[in-house]
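Visitor: What follows is each chain in one-letter form.
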Amino acid sequence: MASQMQLEEAEKPKFYLTEEHHPEGSTMLGFWLYLMSDCLIFAVLFATHGVLGRSYAAGPSPADLFDLPIVAINTSMLLLSSITYGFAMLQMERNAKAETLFWLAVTGVFGAIFLALELYEFNHLIHEGAGPTRSAFLSSFFTLVGTHGLHVTFGIIWLITLMVQVAKHGLIPENKRRLMCLSMFWHFLDVVWIGVFSFVYLMGVLG
Amino acid sequence: MSSHPHAPAHEDAHNVHHGHSNGHEAGHGTLRSYLIGFSLSVILTAIPFWLVMGGVFDSKLFTAFLVMGLGVIQIVVHMIYFLHMNPRSEGGWTMMALIFTLVLVGITLAGSLWVMHHLNVNMMPMSPEMMKNMP
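Chains as they are written, first to last, in the numbering used here: chain X, 1 to 207; chain R, 1 to 135.
Keep in mind that a hint or two might mislead.
[Claimed, not checked] Pulled from the structure, derived: some chain R residues nowhere near chain X, Cβ distances all over 10 Å:
1. Gly-29
2. Asp-58
3. Asn-86
4. Pro-87
5. Val-121
6. Asn-122
7. Met-124
[To be verified] Derived, one-sided and incomplete: chain X residues facing chain R with beta-carbon distance under 7 Å:
8. Leu-29
9. Trp-32
10. Cys-39
11. Ala-43
12. Gly-50
13. Ala-58
14. Leu-68
15. Leu-79
16. Ser-82
17. Ile-83
18. Leu-90
19. His-187
20. Leu-202
21. Leu-206
Bear in mind the hints are in silico, worked out from the structure with no lab data behind them.
Treat the numbers as computed from the prediction; the structure is a model and nothing was measured.
For glycine and all other residues, C-beta sits at the position ideal for the given N, C-alpha and C.
Sequences and hints are given; from them, build the entire structure.
Guide: Quick look at the structure:
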């Protein structure tokens, strides 16, 4: 009996807990996961537009409505804001506060121009009688592009908040982390916009 | 792993060479990488707009194919040069999350378009007049 007990004791599995390489700074990973879930929202909206994008209900089609030169200017605004945010990040790594703030401000201006053009376009469409209630195509168009515009709006609010933070507290590690999160958010919005101008505008006008 | 005892040492040397701890957080760009990414995306944006606005090709299908293809390439360019994606960041977890999301996006898009296309095909044809009279 005793020997059996000893045997069981010997066969008991042993666990070696090795605390190996716990990744620090997981904020970036967490934020990346948020962006991926945001990506799913946009994927669903893109799928909706893919399904409804040709249901004009005898109303206007993309070729009648979309003004491609404005879309091209809009696209370049967002692209320029992406590169200027990149410059801000490079200045942040150099711990140059004034330059970082300058490039953040430039980014904000480009973002604001993008939003203004988009609102002008929406306003123009609604006044032409091509509002979101006109057809399934326009409903899905306004939902998709509007959601993207809403993201840019909140990105700009976030940007201004961070500019105030950096101006008040300087480039402390917390602010650097926040700026890196916003960097990912901002570049992610540009990635979504690539899908919007290719799939919604260019493919729409193509018919 | 045990058959390649030199591999980890190599990787360490690699990390030291680049001067900062890779694998912890997303890598940082350099001025050069940002400018490369920017010029690539300008080109990749200009071409599809030119294709559609200039009506370069007669075949709409071919143009559509090119527009979507260039869009996908531009998304990859942004991922690499602006979002600094690489297989090592965060111990590979960002890449895993990205692949998982891409699979879900693929299922969502392809599934929706496929199912709804079949529904449309099997619907009774409807004239615009009938549609106008719908509740």
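Visitor: Each hint should be assessed against the structure and marked as holding or not.
Guide: Evaluation of the provided hints:
With 10 Å as the threshold on Cβ separation, the claim that Gly-29 of chain R sits away from chain X is violated: the shortest Cβ distance comes to roughly 6 Å. Distance check for Asp-58 of chain R against chain X: the nearest CB is about 12 Å away, which clears 10 Å, and the non-interface claim stands. The beta carbon of Asn-86 of chain R is kept farther than 10 Å from every beta carbon of chain X, the shortest such distance being approximately 13 Å. The beta carbon of Pro-87 of chain R is kept farther than 10 Å from every beta carbon of chain X, the shortest such distance being approximately 14 Å.
Separation of Val-121 of chain R from chain X is adequate, the least Cβ-Cβ distance of about 13 Å exceeding the 10 Å criterion. No beta-carbon of chain X is positioned within 10 Å of the beta-carbon of Asn-122 of chain R; the least distance is around 14 Å. The claim that Met-124 of chain R lies off the interface holds: its Cβ sits roughly 15 Å from the closest Cβ of chain X, which is beyond the 10 Å cut-off. For the restraint placing Leu-29 of chain X at the interface with chain R, the shortest Cβ-Cβ distance is roughly 5 Å, inside the 7 Å limit, so the hint holds.
With a least beta-carbon distance of about 5 Å to chain R, the hint placing Trp-32 of chain X at the interface is held under the 7 Å criterion. Hint on Cys-39 of chain X holds. Least Cβ distance to chain R is approximately 5 Å, under the 7 Å limit. The interface hint given for Ala-43 of chain X is met, as the beta carbon of that residue sits about 4 Å from the closest beta carbon of chain R, less than 7 Å. For the restraint placing Gly-50 of chain X at the interface with chain R, the shortest Cβ-Cβ distance is roughly 5 Å, inside the 7 Å limit, so the hint holds.
Because the closest C-beta pair between Ala-58 of chain X and chain R is about 4 Å apart, less than 7 Å, the hint holds. Evaluation of the Leu-68 of chain X hint against chain R yields a held restraint, the C-beta minimum of about 5 Å falling below 7 Å. Hint on Leu-79 of chain X holds. Least Cβ distance to chain R is approximately 6 Å, under the 7 Å limit. The closest approach between the C-beta of Ser-82 of chain X and any C-beta of chain R is roughly 6 Å, which is under the 7 Å cut-off, so the hint is satisfied.
Taking 7 Å as the C-beta contact cut-off toward chain R, the hint placing Ile-83 of chain X at the interface holds, the least distance being around 4 Å. For Leu-90 of chain X, the interface hint holds, since its Cβ comes within 7 Å of a Cβ in chain R; the closest pair sits about 6 Å apart. Hint status for His-187 of chain X relative to chain R: holds, with the closest Cβ pair at about 4 Å, below 7 Å. Restraint check, Leu-202 of chain X versus chain R: the minimum CB separation of about 5 Å is within 7 Å; hint holds.
With a cut of 7 Å, the hint placing Leu-206 of chain X at the interface with chain R holds, because the nearest CB-to-CB distance is about 6 Å.
Violated hint for the displayed structure: number 1, the only one.
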